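Engineer: Sequence:
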Amino acid sequence: MKTSPVENLFTVFNETTEILAEELSCTYLEALAESGDNMFHGTILQDEINELSKKRLEKAYDSISSPVFSNEDKRKAFQLAIIKGMREASQPNHQMTPDSIGLFISYLIGKFMDGHQRFSLLDPAVGTGNLLFTIMNYLKKDDLNAIGVDVDDLLLRLAFAGANLLEQPIEFFNQDALEKLFIDPVDCVVCDLPVGYYPNDLRAQEFELKADEGHSYAHHLFIEQSVNHAKPGAYLFFLVPNRLFESEQAPKLREYIKEHVNIQGLIQLPMSLFKNEQAAKSIFVLQRKGEGIEPPKQGLMVNLPKMSNQQAMKDIFRQIDEWFVENK
Numbered sequence: 001m002k003t004s005p006v007e008n009l010f011t012v013f014n015e016t017t018e019i020l021a022e023e024l025s026c027t028y029l030e031a032l033a034e035s036g037d038n039m040f041h042g043t044i045l046q047d048e049i050n051e052l053s054k055k056r057l058e059k060a061y062d063s064i065s066s067p068v069f070s071n072e073d074k075r076k077a078f079q080l081a082i083i084k085g086m087r088e089a090s091q092p093n094h095q096m097t098p099d100s101i102g103l104f105i106s107y108l109i110g111k112f113m114d115g116h117q118r119f120s121l122l123d124p125a126v127g128t129g130n131l132l133f134t135i136m137n138y139l140k141k142d143d144l145n146a147i148g149v150d151v152d153d154l155l156l157r158l159a160f161a162g163a164n165l166l167e168q169p170i171e172f173f174n175q176d177a178l179e180k181l182f183i184d185p186v187d188c189v190v191c192d193l194p195v196g197y198y199p200n201d202l203r204a205q206e207f208e209l210k211a212d213e214g215h216s217y218a219h220h221l222f223i224e225q226s227v228n229h230a231k232p233g234a235y236l237f238f239l240v241p242n243r244l245f246e247s248e249q250a251p252k253l254r255e256y257i258k259e260h261v262n263i264q265g266l267i268q269l270p271m272s273l274f275k276n277e278q279a280a281k282s283i284f285v286l287q288r289k290g291e292g293i294e295p296p297k298q299g300l301m302v303n304l305p306k307m308s309n310q311q312a313m314k315d316i317f318r319q320i321d322e323w324f325v326e327n328k
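UniProt numbering applies: residue 1 is where the sequence shown begins, and numbers increase by one.
Don't read these hints as lab results, they were simulated from the structure.
These numbers come from a predicted model, not from an experiment.
Just so it is clear, CB atoms sit at the ideal spot from N, CA and C, and this is done for glycine as well.
Certain hints may be false.
[Stated by the list, open to error] The calculated DSBU-like cross-link candidates involving lysine-lysine, where the alpha carbons are at most 30 Å apart (straight line), are: (1) LYS84 to LYS55; (2) LYS258 to LYS140; (3) LYS275 to LYS314; (4) LYS258 to LYS210; (5) LYS140 to LYS289; (6) LYS140 to LYS2; (7) LYS328 to LYS289; (8) LYS328 to LYS140; (9) LYS111 to LYS55; (10) LYS258 to LYS231.
[Said to hold, decoys possible] Label pairs and their calculated CB-CB ranges: (11) ASN145 to SER272: 29 to 37 Å; (12) ARG243 to PRO199: 20 to 28 Å; (13) GLN249 to LYS54: 15 to 23 Å; (14) SER63 to LYS328: 42 to 50 Å; (15) GLU22 to HIS116: 44 to 52 Å.
Please build the complete structure, drawing on both the sequences and the hints.
Structural biologist: Set out below in structure tokens:
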């Protein structure tokens, strides 16, 4: 039975990662980053492994040296290996954005940024980089300046290894994205917002969206931080919980949005993508206000059907095309 390129790549990632995890006495995810580095550099970088393991690694890497794999093949195989590692490590907070959502966000960014020959893109909660890689593979732009920020050094190591494998030029910063960011304002922001409370109350005090008492919501602060690092007229694409405006801190968020950004659209994702109603999310599209920036006549409000329903999705794409003709 013929195996797909993604399966072939995943098999090599998995085998080499398991060898390295045992040899280096480290976790699967740490070993996966090491294996990604080996694959990118075309050599075994770890000095401390024995000769037998070295030969097994070389044989595995050689098995995929001749076929040409697309960037999407590499991304998907690397993503599968990361998912396996996360399941083993039981890291519920490190869920990757599902591919179907990533591809739809890529499509939206392509529509809104149409006409921009070159632009800069920031993901302030980049994690393993999968959402950013999906977008960059979809847009296929040589002059896209991408920046990723994450506080978790292991996730960022995986993102760095993934970017090298895909030969995507991304600048990474390993820091708390809600601290001061030393980056130039960007044309576009994308973020699967980390939902929950932000523990650093002292830093939260510097935000307009700080809580009046108790901990502030991290997802609110991420919105404000993103707007602060966006150029006037820049677009922001957030994956937000459907209950974003139902919390006790929501009135302050509403006021902030009214003052600083124009709402471009809200796309509710199908319930079939989520475990339960509490976990359901939408794509919230904003544009930073600025001189000469007009709000749309009407926001793009869409309830996405199941993405496997091709006819219904065709209707949605037609509806979105019509919205762009009328509002852009």
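Engineer: Decide, hint by hint, whether the structure agrees.
Structural biologist: For each hint, the structure was consulted:
no.	hint	in the structure
1	LYS84 to LYS55	25 Å, holds
2	LYS258 to LYS140	34 Å, violated
3	LYS275 to LYS314	26 Å, holds
4	LYS258 to LYS210	17 Å, holds
5	LYS140 to LYS289	28 Å, holds
6	LYS140 to LYS2	29 Å, holds
7	LYS328 to LYS289	16 Å, holds
8	LYS328 to LYS140	23 Å, holds
9	LYS111 to LYS55	48 Å, violated
10	LYS258 to LYS231	17 Å, holds
11	ASN145 to SER272: 29 to 37 Å	35 Å, holds
12	ARG243 to PRO199: 20 to 28 Å	21 Å, holds
13	GLN249 to LYS54: 15 to 23 Å	55 Å, violated
14	SER63 to LYS328: 42 to 50 Å	48 Å, holds
15	GLU22 to HIS116: 44 to 52 Å	47 Å, holds
Going through the hint list in order, the structure does not satisfy hints 2, 9, 13.
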